[in-house]
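Trainee: Each of the two chains sits in its own frame; use the hints to bring them together as a complex.
Sequence order for the protein chains is A and B. With numbering that gives the first Met the number 0 applied, the first sequence corresponds to residues 0 to 331, in that order. With numbering that gives the first Met the number 0 applied, the second sequence corresponds to residues 0 to 383, in that order.
In case anyone wonders, no lab produced these hints; they're calculated from the structure. For glycine and all other residues, C-beta sits at the position ideal for the given N, C-alpha and C. Be aware that one or more of the hints could be misleading.
[As the list claims (entries may be wrong)] FRET-style restraints, in silico, Cβ to Cβ:
#1 119/A / 281/B: 50 to 58 Å
#2 12/A / 72/B: 52 to 60 Å
#3 145/B / 181/A: 40 to 48 Å
#4 290/B / 233/A: 39 to 47 Å
#5 142/B / 68/A: 39 to 47 Å
#6 73/B / 181/A: 23 to 31 Å
#7 73/B / 72/A: 55 to 63 Å
#8 8/B / 119/A: 50 to 58 Å
#9 4/B / 288/A: 38 to 46 Å
#10 233/A / 13/B: 25 to 33 Å
#11 72/B / 288/A: 35 to 43 Å
#12 39/B / 233/A: 36 to 44 Å
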Amino acid sequence: MASMGRMIAQRLLLGLLTLFVVSILIFLAVNALPGDFAQAILGQSATPEAVEAIRRGLGLDQPLVTRYFQWLWRLLHGDLGVSFAQANFAAYVGSASSAEAITVADQIAPRFRNTLFLAGVTAAIAVPLSVSLGILAALYRGSIFDRGVNIAALTAISSPEFFLAYILILFLGVLNPVLPSLSNIYEGMSFGERLLKTLLPALTLTLVVTAHMMRMTRAAIINLLASPYIEMARLKGMSPLRVIVRHALPNALAPIINVIAINLAYLVTGVVVVEVVFVYPGIGQLFVDSVKIRDIPVVQACCLVFAAAYILMNLLADILSILSNPRLRHPK
Amino acid sequence: MSIRAGILIALVAMGAASLGLRAIGRRLWPESPYWRDMPLGVAFGYVLAAAGFALAVKLYFIDRIVFFRWAMNGLIAFSIAAWIFRALGRRIGPGWSRKLFRQMPLTASFGILTVLAYAFTAIFAGWLAPYGQAEIFDAVNVLPGTDPAHPLGTDQIGRDILTRLIYGAQNTVGIAFATTLIAFFTGGSLGFLAATIGGWLDQLLSRGIDVLMAIPALIFALLLMTIASAWAGSERWMLTLYMVLIIALIDATRVFRLARAVAGNIVVMDYFEAAKLRGERLPYLIFREILPNATAPLLAEFGLRFCFVFLTIAALSFLGIGIQPPLADWGTMVKDLAQFINFAAFSPLTAALPLMAAGAIALLTVAVNFIVDWMLQKSSGLKE
Chain A
0 MASMGRMIAQ RLLLGLLTLF VVSILIFLAV NALPGDFAQA ILGQSATPEA
50 VEAIRRGLGL DQPLVTRYFQ WLWRLLHGDL GVSFAQANFA AYVGSASSAE
100 AITVADQIAP RFRNTLFLAG VTAAIAVPLS VSLGILAALY RGSIFDRGVN
150 IAALTAISSP EFFLAYILIL FLGVLNPVLP SLSNIYEGMS FGERLLKTLL
200 PALTLTLVVT AHMMRMTRAA IINLLASPYI EMARLKGMSP LRVIVRHALP
250 NALAPIINVI AINLAYLVTG VVVVEVVFVY PGIGQLFVDS VKIRDIPVVQ
300 ACCLVFAAAY ILMNLLADIL SILSNPRLRH PK
Chain B
0 MSIRAGILIA LVAMGAASLG LRAIGRRLWP ESPYWRDMPL GVAFGYVLAA
50 AGFALAVKLY FIDRIVFFRW AMNGLIAFSI AAWIFRALGR RIGPGWSRKL
100 FRQMPLTASF GILTVLAYAF TAIFAGWLAP YGQAEIFDAV NVLPGTDPAH
150 PLGTDQIGRD ILTRLIYGAQ NTVGIAFATT LIAFFTGGSL GFLAATIGGW
200 LDQLLSRGID VLMAIPALIF ALLLMTIASA WAGSERWMLT LYMVLIIALI
250 DATRVFRLAR AVAGNIVVMD YFEAAKLRGE RLPYLIFREI LPNATAPLLA
300 EFGLRFCFVF LTIAALSFLG IGIQPPLADW GTMVKDLAQF INFAAFSPLT
350 AALPLMAAGA IALLTVAVNF IVDWMLQKSS GLKE
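Chain B on its own, in the form it takes in the complex (with noise of 0.2 Å):
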């Protein structure tokens, strides 16, 4: 076996250099403590590190994937452009804003710029868009780049694919964020209601959606769409209404968990018990007492449930069972486009069509990953 043997010199290559490169640290500064306190491991890493640069630097320049050549200048692209919007943050705009920029990580500063990019471009899709994304053009399967009318091509009934990739965060965002906001909404408000009122209310709502999560997510959302494309029928728009409530009702219950665990602690504070014996109503105690003190975890929250929501459309969509035609989805995209990624060896922007869209789905999804992580780290305030 040659790719063993391969591996096998290599791995004992990078350990003989890692080694050399500690003996020449420490010849080069013997008082230093860092080189002569070096574990083996590190300076293997530091090795490893650097073989990994020279194989991504080699593969950046082989002309037959050029799609790692794409991806790496797409990365060094955001980054500087996640660099300078934190640049420009930190010196304009308000003092707080400038504060948060301050503190901010690359990476969050890229998710908060990606997320205000997804934003504009779903707002003004209509505007930017050259075409309607319903429109069929008589060029069927016309491949990207050959027609300047058709930037991306067309796809097999003739629709334009750059115009579908836009409207794209249109339909496929915009119906992700308001299945969110209703499961939120819903499963928010059961859950401070719950932990509020207590009692049997409590225990009904509790014992019943252990049971509803007792079911994995996806495979529930499934089987209740069979049921929900029976009473649709021949009405697509119907089906993809009744998806934005199954998810809803699925996610409802997640966050409801969350809502009613945060709120259990509060309402076990003193200051609710003195709005308590004040004789506050009802929503005066969630609306003043809990919620102000809920907002922290259920906005993190919001941000994942976002993602969650986003990734059971696009993989329901991908299935062929969730938003339908002719409104312009990314997950349907990818599952019509899928077979072009065979033509990679002769037209590299051929296959790209489908990874466009399902990299437009996970750069979303990232991004807003991003943001999460970062403030959960500075509201919990851990420094590992």
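Just chain A, with the same shape it has in the complex (with noise of 0.2 Å):
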């Protein structure tokens, strides 16, 4: 169990270091704009004075070292910055502090709350559907059932998210309007409300995901079929699906697992285009929007925020898998 938890504490650490790394790329990135972030506010017109001002403002003339520790900094207690348009939004109205404006953290939080619940919605639908359809897949193995799954799968995989959202619209949406195909959602709605204007998009990303879940699924069973100990169970003259759920089916659970927070990991990320599609108040549309006015501040907030779910998500998909296997767990 100690050596368990070491190893636990060292993946953390290890999550802990990457972050970090790629907190300062994100940084580097940033700071290989051409110009500077007061002449990005400020525009081309602004006269020397005023871009000199906001410079000193932002702490632009300190070396570029001690910038970034400021920043980690105050990234550590909460302050993302002010967005751009923002400042330029207070700028304009006239309030004399940046203060008063909304910050990024104000910003981001309520969209990355959305953004959990399209995905906690998906995972709620994908999860178990794509479990069962890869053990079907498995039982049913060669069968007509098996190949159209697997052929409808791969379909789904590498068919764009915008095609598969805009033919969901086109027959759920349009043609018999059962589902909203636009998610404006809002502060105060209620669950179910909120869930019926969630489901187009958590539809959409579940045929992403389902697909690659349940061919793993099948993989991960198919595999350990020709071991001794299915052949044994088989022979006693059980049932096939008894000998998949039963037996085959806790020894692929470590490959399955995996394979599910890696997608989990892939739908918090993935969500960018399906919310633009829906214009879904997520943090990727967010994301995209601040992309297409070079909203600096934004574009880093949530660019970290993206890659620290991601790095948490593999990071779990890690532990998960040693605590799920014994050999895993007391390495030679």
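Mentor: Next up, the structure:
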């Protein structure tokens, strides 16, 4: 048990280190911009004096390393800065200090909750569906059902998200208006209403991630079917379904959990396109909008949030696969 | 809830039907072990398939959802074309290709046929398309099917949509192909070098690439595109060039991983040790010892990588930061035409326009994936 705790602590530390290096990478990438923030905020026609004032205000006259650690320090205290759009707006309205403007953290927090809600709904549909489809495909391997599911899965994996999204909109939103094709979600909505509006994007994402998980579940189970203990169970006269669910599935759990966690990591980041299609007010949409208007503080913050979520989910996959596999629990 | 009750009744009816099916089968063929040992689940599966088929036939004849009919017609036409293509391949051509076609599943021949068709369209786009890709006509927003000069109509600034669909094959597929080639060249050679030389070079490259891979691909691409758009300024074609380089960089990291892993298995082989002890130099080791033994996995990876690159470019273009106008591109077309989908009830052909562009993307990736799947299955020798 103690060695396991140490292994998990090791992974956590490694994840933190990765996050640290990623933050350096993002910081450096943003600082590779031509000109600097000050010019970006004020635009081409700014007077040199104004640029200089903002530059001093943002601390841009300091060396790069100092600025990185200042940025990191503020980041750790939840201060992600003020977006250019908001800063511009504040300057236009005439509020003196940027403290009154809406900070990036304020902008991101509710949207991140929405994105997590969407990812959660998707996971709640996709995980049971894909595992049961995978078990069925393994049970009837080689049959028409198996081949049909496989072809459908390959097609769903390889189609772009917006293709699946528009097909769903066409059939479920326009021709048979059962689900709303625009997800305008606001504060204070009832849960049922919110779920209904999230359903179409969630279904699209389900189509995208189910295929991969189902294929991996099927492969993991079929890998085990050649082993002697499965043959023993079969020779005892057990029904095929029972052989798979009782004997093969527990040993196939590690790869299945792994692929589920990796797909959930994909979900957190793969929402970008789907959110744009359905105008879902999540973090992905904010990200794309900020990329278009080059709102650097928001881009930076969103990028960091996505990377953190991605690293965390991968870490979780790692730890869960250690926990579910006794052989990995006791390294030689 | 009438819907819930309906579903429940349908399920019960199908359960009864499957019991009946099994009973009839046992009555008709009393000796057959197939019917005797049939689990209820299998019988239920047959009934479910029959119900699904009946539903599909019913949907096929409903005029309101003519899209379903078009999709089905397309599917049937493509299957027949693929079947004919395979039958031809089995009879015509040199011995090795005939052998190849004999073992080929229908999905793979469908994939090969589709890829050939795309390649043909991409190469001869200038000759196939009725107009130039940036040509602007006076007639704006012509609905498809109303003007014989523009069979698929024109878009919001008066460009012929059919022309742009055809040119999309050249631009979107061509740019994706070039990007994949760059990614493969850089990632592959660095991976081979890391595995062959080892030591600090391997450590340096691998750790650096670990960090790059810790950021999800699309997010990283978007971050770098923000910076690239600032560098490119008002020169839009530069942005397309930057996009190619950025996506090539991101995908090269994935290729590096695979190339290094594959080469890592080869450098421990005896024949490689022998070549090293003979005093062969690095280029010989890489091109004559590693490369010939790594082609099969790398070829499959090339197909998959192409799909990823193609989808990433399409997604970026769809978000409005990928391939820039005046180049015709499918992702951008989907974005521009997307609102037409709301006219589905009045003018199905108009609503189908964004789906055509998106479907063109989907069809190619599906085709490539079918081929890769078949290649992997063939090379691994796995039957299941």
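Trainee: Hints broken by the structure, by number, lowest first?
Mentor: Structure breaks hints 3, 5, 8, 12.
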